[in-house]
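Chemist: Sequence:
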Amino acid sequence: MKQYDFVAVGDMVTDAFIRLQVADEHVDHEMRELCVPFATKIPFESVTEVPAVGNCANAAVAAARLGLSSALVSNQGNDEIGKKQREVLRLEKVGDEYVRDHSGMKSNYHYVLWYKDERTILVKHEDYPYTLPDIGTPKWIYLTSLGPQSLEFHKILELWLVNHPSTQLAFQPGTFQIKLGMQLIELYKRTQIFFCNVDEAREILGVNAPVAGSGESRDDEVLNLMKVLRNLGPEIVCVTDGPKGAYAFDGRTSEAYFMPPYPDKAPPYDRTGAGDAFASTFTSAVILGKGVQEALTWAPINSMSVVQKVGAREGLLTREGLEEYLTKAPPEYNPHRI
1 MKQYDFVAVG
11 DMVTDAFIRL
21 QVADEHVDHE
31 MRELCVPFAT
41 KIPFESVTEV
51 PAVGNCANAA
61 VAAARLGLSS
71 ALVSNQGNDE
81 IGKKQREVLR
91 LEKVGDEYVR
101 DHSGMKSNYH
111 YVLWYKDERT
121 ILVKHEDYPY
131 TLPDIGTPKW
141 IYLTSLGPQS
151 LEFHKILELW
161 LVNHPSTQLA
171 FQPGTFQIKL
181 GMQLIELYKR
191 TQIFFCNVDE
201 AREILGVNAP
211 VAGSGESRDD
221 EVLNLMKVLR
231 NLGPEIVCVT
241 DGPKGAYAFD
251 GRTSEAYFMP
261 PYPDKAPPYD
271 RTGAGDAFAS
281 TFTSAVILGK
291 GVQEALTWAP
301 INSMSVVQKV
311 GAREGLLTRE
321 GLEEYLTKAP
331 PEYNPHRI
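Everything in the sequence shown is counted per the working numbering, starting at 1 for the first residue and increasing by one.
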């Protein structure tokens with residue numbers, strides 16, 4: 001059995017990007033809303049289908065392109081979409097032997113409402129019977145988005161990690177895992193690197209956004225969030241803040257950093273997958289022996305590259321491509337201690 005560096009676990013999907021022509025934006029209490037006319041016909045510009053994506057597949061491909069041996073644990077239907085997804089994984093040199101085809105079931109298929117450079121995703125996770133195959137003893141497991149019926153599977157994974165202490169865990173929770181909250185506390189305790197964005201951190205911890213004018217800076221708020229997340233167990237906590245940048249707290253040294261974004265080479269075309277690119281690239285850098293500060297310089301580069309393309313996979317870089325961007329980075333592109 002091949003012993004992989006990086007095994008991603010999660011729900012794989014195919015995304016259908018529907019490019020909208022007629023829509024509007026509404027901002028209410030910092031919440032951006034996509035608005036379209038109701039009870040009418042909405043013209044669209046194009047539809048682009050991108051197979052074999054979702055947080056787990058995006059991460060597995062990112063790791064493979066950066067030079068790690070990578071595989072995917074996932075589920076799909078025994079249908080044409082599933083066949084296309086498997087073809088993509090093999091093309092990307094991602095091990096697909098742990099991907100299970102389910103007869104009589106559909107593969108996950110999501111609709112992405114794409115307007116300007118942002119997207120709103122209509123999601124539906126098929127009700128797969130989650131099982132953990134014999135994956136040997138990989139160096140790292142990268143756990144991410146699973147469906148709402150997956151609680152028991154998480155308990156199985158918790159026990160597996162207890163019995164395989166040499167395997168380390170990176171955890172980038174999806175929507176339903178965030179809603180499970182402290183039901184996953186044993187996984188938090190066994191996590192080496194944890195990823196979420198600012199809003200997700202607030203939801204996980206059950207805290208509200210600071211009141212405007214309260215005197216707490218953004219750095220202060222995120223630092224406090226990271227410290228509380230660290231107390232749940234993860235050694236390293238990364239919290240992204242969209243196009244503003246990202247933060248990391250190293251619980252081993254109690255040092256925290258803010259990392260500015262890498263300058264966009266062109267205006268973002270589609271922001272899908274930027275968070276996945278950041279998290280999987282940071283994790284890959286750590287697996288390749290980089291420290292927290294150096295990993296922070298790698299991750300935003302892949303995020304920048306991904307948003308230049310449609311979908312979450314096409315823009316992912318090889319290690320050579322990423323290091324070329326590093327050589328061209330401006331002097332201010334460095335982690336700042338907070």
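Among the clues, some could well be false.
[Stated by the list, open to error] Pairs of lysine to aspartate or glutamate, EDC-like flavour, derived with a Cα cap of 16 Å: (1) LYS265 - GLU235; (2) LYS116 - ASP24; (3) LYS189 - ASP219; (4) LYS106 - ASP134; (5) LYS2 - ASP117; (6) LYS84 - GLU49; (7) LYS227 - ASP264; (8) LYS116 - GLU25; (9) LYS328 - GLU314; (10) LYS244 - ASP199; (11) LYS189 - GLU158; (12) LYS2 - ASP96; (13) LYS189 - ASP117; (14) LYS179 - GLU200; (15) LYS290 - ASP5; (16) LYS290 - GLU332; (17) LYS83 - GLU49; (18) LYS265 - ASP117; (19) LYS179 - ASP219; (20) LYS179 - GLU203; (21) LYS328 - GLU255; (22) LYS290 - ASP250; (23) LYS244 - GLU203; (24) LYS244 - ASP264; (25) LYS93 - GLU314; (26) LYS227 - GLU255; (27) LYS83 - GLU97; (28) LYS116 - GLU33; (29) LYS227 - ASP250.
[As the list claims (entries may be wrong)] Between beta-carbon pairs, the in silico distance windows are: (30) MET31 - PRO260: 33 to 43 Å; (31) ASP101 - GLU25: 39 to 49 Å; (32) LYS179 - GLU25: 21 to 31 Å; (33) GLN3 - ASP101: 44 to 54 Å; (34) LEU122 - TYR269: 31 to 41 Å; (35) ARG319 - ASP264: 14 to 24 Å.
Please keep in mind that the hints were generated in silico from the structure rather than gathered at the bench.
Ideal Cβ placement from N, Cα and C applies to all residues, glycine included.
Chemist: So, for every hint listed, does it hold in this structure?
Modeler: Outcome of the hint check:
| no. | hint | verdict |
| --- | --- | --- |
| 1 | LYS265 - GLU235 | 33 Å, violated |
| 2 | LYS116 - ASP24 | 10 Å, holds |
| 3 | LYS189 - ASP219 | 25 Å, violated |
| 4 | LYS106 - ASP134 | 24 Å, violated |
| 5 | LYS2 - ASP117 | 40 Å, violated |
| 6 | LYS84 - GLU49 | 11 Å, holds |
| 7 | LYS227 - ASP264 | 30 Å, violated |
| 8 | LYS116 - GLU25 | 10 Å, holds |
| 9 | LYS328 - GLU314 | 22 Å, violated |
| 10 | LYS244 - ASP199 | 14 Å, holds |
| 11 | LYS189 - GLU158 | 10 Å, holds |
| 12 | LYS2 - ASP96 | 12 Å, holds |
| 13 | LYS189 - ASP117 | 36 Å, violated |
| 14 | LYS179 - GLU200 | 10 Å, holds |
| 15 | LYS290 - ASP5 | 15 Å, holds |
| 16 | LYS290 - GLU332 | 20 Å, violated |
| 17 | LYS83 - GLU49 | 14 Å, holds |
| 18 | LYS265 - ASP117 | 15 Å, holds |
| 19 | LYS179 - ASP219 | 25 Å, violated |
| 20 | LYS179 - GLU203 | 8 Å, holds |
| 21 | LYS328 - GLU255 | 27 Å, violated |
| 22 | LYS290 - ASP250 | 13 Å, holds |
| 23 | LYS244 - GLU203 | 20 Å, violated |
| 24 | LYS244 - ASP264 | 12 Å, holds |
| 25 | LYS93 - GLU314 | 14 Å, holds |
| 26 | LYS227 - GLU255 | 10 Å, holds |
| 27 | LYS83 - GLU97 | 13 Å, holds |
| 28 | LYS116 - GLU33 | 13 Å, holds |
| 29 | LYS227 - ASP250 | 9 Å, holds |
| 30 | MET31 - PRO260: 33 to 43 Å | 25 Å, violated |
| 31 | ASP101 - GLU25: 39 to 49 Å | 40 Å, holds |
| 32 | LYS179 - GLU25: 21 to 31 Å | 26 Å, holds |
| 33 | GLN3 - ASP101: 44 to 54 Å | 24 Å, violated |
| 34 | LEU122 - TYR269: 31 to 41 Å | 20 Å, violated |
| 35 | ARG319 - ASP264: 14 to 24 Å | 21 Å, holds |
In terms of the numbered hints stated before, the structure departs from hints 1, 3, 4, 5, 7, 9, 13, 16, 19, 21, 23, 30, 33, 34, listed from lowest to highest.
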